[in-house]
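A.B. asks: Residue-level listing of the chains:
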Amino acid sequence: MTATIDRPRAGAPLPTKPGRPPRRLVDRLRDVLTSPKSGPVLVTAVLFVAVFIVGGVRYNGFFSGQVLLNLFVDNSYLIVLAVGMTFVILTGGIDLSVGAVVALSTMIAASLLQTGWSPGVVIPLILVLTCVLGLLVGLMIHVFKVQPFIATLAAMFLARGLCYVISKDSISITEPTFVALAVTRIPLGGGLSITPSVVIALAVVIVAVWVLGFTRFGRTVYAIGGSEQSGMLMGLPVARTKVIVYVVSGFCSGLAGVLFSFYTLSGYPLTAVGTELDAIAAVVIGGTLLTGGYGFVLGSVLGVLVLGVIQTIITFEGTLSSWWTKIFIGALLLVFIILQKVLTARRR
Amino acid sequence: MNALLLRTVSSRLFWPVVMLLVLVLINVIAFPDFLTVTVKDGHLFGSIVDILRNGAPTLIIAVGMTLVIATRGIDLSVGAVAAISGAVACSILLGSSDPGNPATVAVAVIVALVISLVLGVWNGFLVSVIGIQPIIATLILMTAGRGVAMLITEGQILTVDSAPFKELGSGFWFGIPVAVVIGAVIFAVAALLTRRTALGMLIESVGINPEASRQAGVRARVLLFTVYAFCALSAGIAGLILTANQTAADANNTGLFIELDAILAVVIGGTSLAGGRYSLAGTLVGALVIQTLVTTVYTVGIPPIVTMVFKAAVVTAVCLLQSPTTNAAFAQLRQRLAARTARVKEAAAS
Numbered sequence: 001m002t003a004t005i006d007r008p009r010a011g012a013p014l015p016t017k018p019g020r021p022p023r024r025l026v027d028r029l030r031d032v033l034t035s036p037k038s039g040p041v042l043v044t045a046v047l048f049v050a051v052f053i054v055g056g057v058r059y060n061g062f063f064s065g066q067v068l069l070n071l072f073v074d075n076s077y078l079i080v081l082a083v084g085m086t087f088v089i090l091t092g093g094i095d096l097s098v099g100a101v102v103a104l105s106t107m108i109a110a111s112l113l114q115t116g117w118s119p120g121v122v123i124p125l126i127l128v129l130t131c132v133l134g135l136l137v138g139l140m141i142h143v144f145k146v147q148p149f150i151a152t153l154a155a156m157f158l159a160r161g162l163c164y165v166i167s168k169d170s171i172s173i174t175e176p177t178f179v180a181l182a183v184t185r186i187p188l189g190g191g192l193s194i195t196p197s198v199v200i201a202l203a204v205v206i207v208a209v210w211v212l213g214f215t216r217f218g219r220t221v222y223a224i225g226g227s228e229q230s231g232m233l234m235g236l237p238v239a240r241t242k243v244i245v246y247v248v249s250g251f252c253s254g255l256a257g258v259l260f261s262f263y264t265l266s267g268y269p270l271t272a273v274g275t276e277l278d279a280i281a282a283v284v285i286g287g288t289l290l291t292g293g294y295g296f297v298l299g300s301v302l303g304v305l306v307l308g309v310i311q312t313i314i315t316f317e318g319t320l321s322s323w324w325t326k327i328f329i330g331a332l333l334l335v336f337i338i339l340q341k342v343l344t345a346r347r348r
Numbered sequence: 001m002n003a004l005l006l007r008t009v010s011s012r013l014f015w016p017v018v019m020l021l022v023l024v025l026i027n028v029i030a031f032p033d034f035l036t037v038t039v040k041d042g043h044l045f046g047s048i049v050d051i052l053r054n055g056a057p058t059l060i061i062a063v064g065m066t067l068v069i070a071t072r073g074i075d076l077s078v079g080a081v082a083a084i085s086g087a088v089a090c091s092i093l094l095g096s097s098d099p100g101n102p103a104t105v106a107v108a109v110i111v112a113l114v115i116s117l118v119l120g121v122w123n124g125f126l127v128s129v130i131g132i133q134p135i136i137a138t139l140i141l142m143t144a145g146r147g148v149a150m151l152i153t154e155g156q157i158l159t160v161d162s163a164p165f166k167e168l169g170s171g172f173w174f175g176i177p178v179a180v181v182i183g184a185v186i187f188a189v190a191a192l193l194t195r196r197t198a199l200g201m202l203i204e205s206v207g208i209n210p211e212a213s214r215q216a217g218v219r220a221r222v223l224l225f226t227v228y229a230f231c232a233l234s235a236g237i238a239g240l241i242l243t244a245n246q247t248a249a250d251a252n253n254t255g256l257f258i259e260l261d262a263i264l265a266v267v268i269g270g271t272s273l274a275g276g277r278y279s280l281a282g283t284l285v286g287a288l289v290i291q292t293l294v295t296t297v298y299t300v301g302i303p304p305i306v307t308m309v310f311k312a313a314v315v316t317a318v319c320l321l322q323s324p325t326t327n328a329a330f331a332q333l334r335q336r337l338a339a340r341t342a343r344v345k346e347a348a349a350s
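Top line first, the protein sequences correspond to chains A and B.
Residue numbering for the first sequence follows UniProt numbering, beginning at 1 and increasing consecutively.
Residue numbering for the second sequence follows UniProt numbering, beginning at 1 and increasing consecutively.
Here chain A stands alone, though its shape is the one from the complex (with noise of 0.2 Å):
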């Protein structure tokens, strides 16, 4: 999906005209900034590096390998949440169920947990659980023509109602392997470590990034993206694939639960409110057309990596409030709209 089209644009000089290298290398520079599918991308890119920079010179301590790795640690779930997040988005819907879905599987795990079911079956039925309901989503959608906005409105009222329905307060988890999963860290020398979710969400991200670009699957998803009428010409399986997008949404926002439950080490009904939009900001920001045909996974995890980096500085600063991370990722996100904007209105 890297590839791209060279076109002759009018006005712009010739590719092959002789003699003047520097001003091909800016034209390209241009070109790659400028275009949609790998302008916002590289811009968040820059961003989250000048925003790292910015608080190493500010804060000591700083700029350490584990304030970097921690960015993933405590993003983990988030970084899944995003993974799925883009599928949807890639192919034009959106999913504002994943917050409700992640503090459902929470409360699942924590109040079966709690009567002695081993992790072994809990986490599996989680996931089963969590596919279901983005099946039941996607054929809400794809079948009944509902809106993806209307159908995951209801599904987020279902399972935010059922976290209600398992119990009104926080259970907390004892059990050994989450705790053990909770507190084993993964040394990687000099001091630095990460905790098996960091592992399980990079897993999920490779997994992502092979089947948005090498699968058929993926190619699908992109070409529902781009113009569902013209897939469906193409003899592209598009409902299946629509249906698919939101059980992989469904699958990702049970195992954010699953790794949100390793994090706390307990399920809260009220966990997670407002993850949803923390999820389409990453996946916005991290480069990924709203309408749907242009994105990458990667941008995605960049997305979340510069949410967490804000979080970090604010957290670092100590006087600003946690307030001013809502407003940042307002503002950043706006930004992000109107340089997308900008972008697409340029190449059409």
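Just so you know, these hints were derived from the structure itself, not from any lab.
None of the values given here were measured: they were computed from a predicted structure.
Some hints could be false.
Unchecked claim - Partial list, computed: chain A residues near chain B (C-beta under 7 Å):
no.	residue
1	K145
2	R160
3	L277
4	L290
5	W323
6	I327
7	I329
8	L333
9	L334
Stated by the list, open to error - Here are a few chain B residues that sit away from chain A, every Cβ distance over 10 Å (derived from the structure):
no.	residue
10	V114
11	I115
12	S213
13	V300
The C-beta atom is built at its ideal place from N, Cα and C for all residues, glycine as well.
With chain A's structure known, arrange chain B on it following the hints.
C.D. replies: Coordinates of chain B only, in the frame set by chain A:
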């Protein structure tokens, strides 16, 4: 008779009204005095009055939302705007030396509403001038707005002690709860403006095809600004009612999920999210359905928070009933039935 029945059934208001009646019926069976309204100290009391009063904020926002959805838009930021409006009013009241003074309250309310209006204009700007999809444009304010509200309250829950302000949430005018009066006035104003003038038709034309209506001389941009500003204004009013009811501004929880309730009310009322057609009466019924559902769940003894499951069931049911697939299936069934009746008649005749 048959034709009349058919016309009633195919009316957009049919299913929502049926749903409302079923809910009321369940209540009446469970609590025979559900419909009784009593007068105490010159004020009306009763389950119906409670439903109307508690449903008023949702209805007020849903009226604004209906017009936004009619332009094929959506406004996710109403909850955040409600929180900001409440936070502004409370911080002004707390900052003044005499929060009980009606003039102070008036200033607080006016400033809060002006700020809501500005936020609405901002949404309208993003949608109509920059051309961002409405769901995303308002997502920005939804995300950042709660942060702004927390900034105003400095992360605390501001409790105010002001009798005139409290009236907004729990007071009575001529025996009717103030919130209900405000809701009725806003509903009436919106209905009069859009149904007695050409405004409603122009809004619908923008919803059907903004470009075509612009070329036909409709000032689409101004209309979009107007509906988003109106929606934010109504969210601001609802925020003031909610805040006054609690006598506290809670930046995190005031109006949490209310955007979804409002959208739900609009959808239940039969307004299509694809824009171009809307029904304010439907929205009124939708808001009543939601509030009655909440009250029913509450009085039946199910923990109130579980209502979200019931809401999910209602949204799903309404969406499936309205879906083109279901309609097509129904049409086919009707055709087959008609064909069979014709055949039976033919067989009987021959």
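A.B. asks: Quick one: which hint numbers does this structure break? Sort them smallest to largest.
C.D. replies: No hint contradicted; all consistent.
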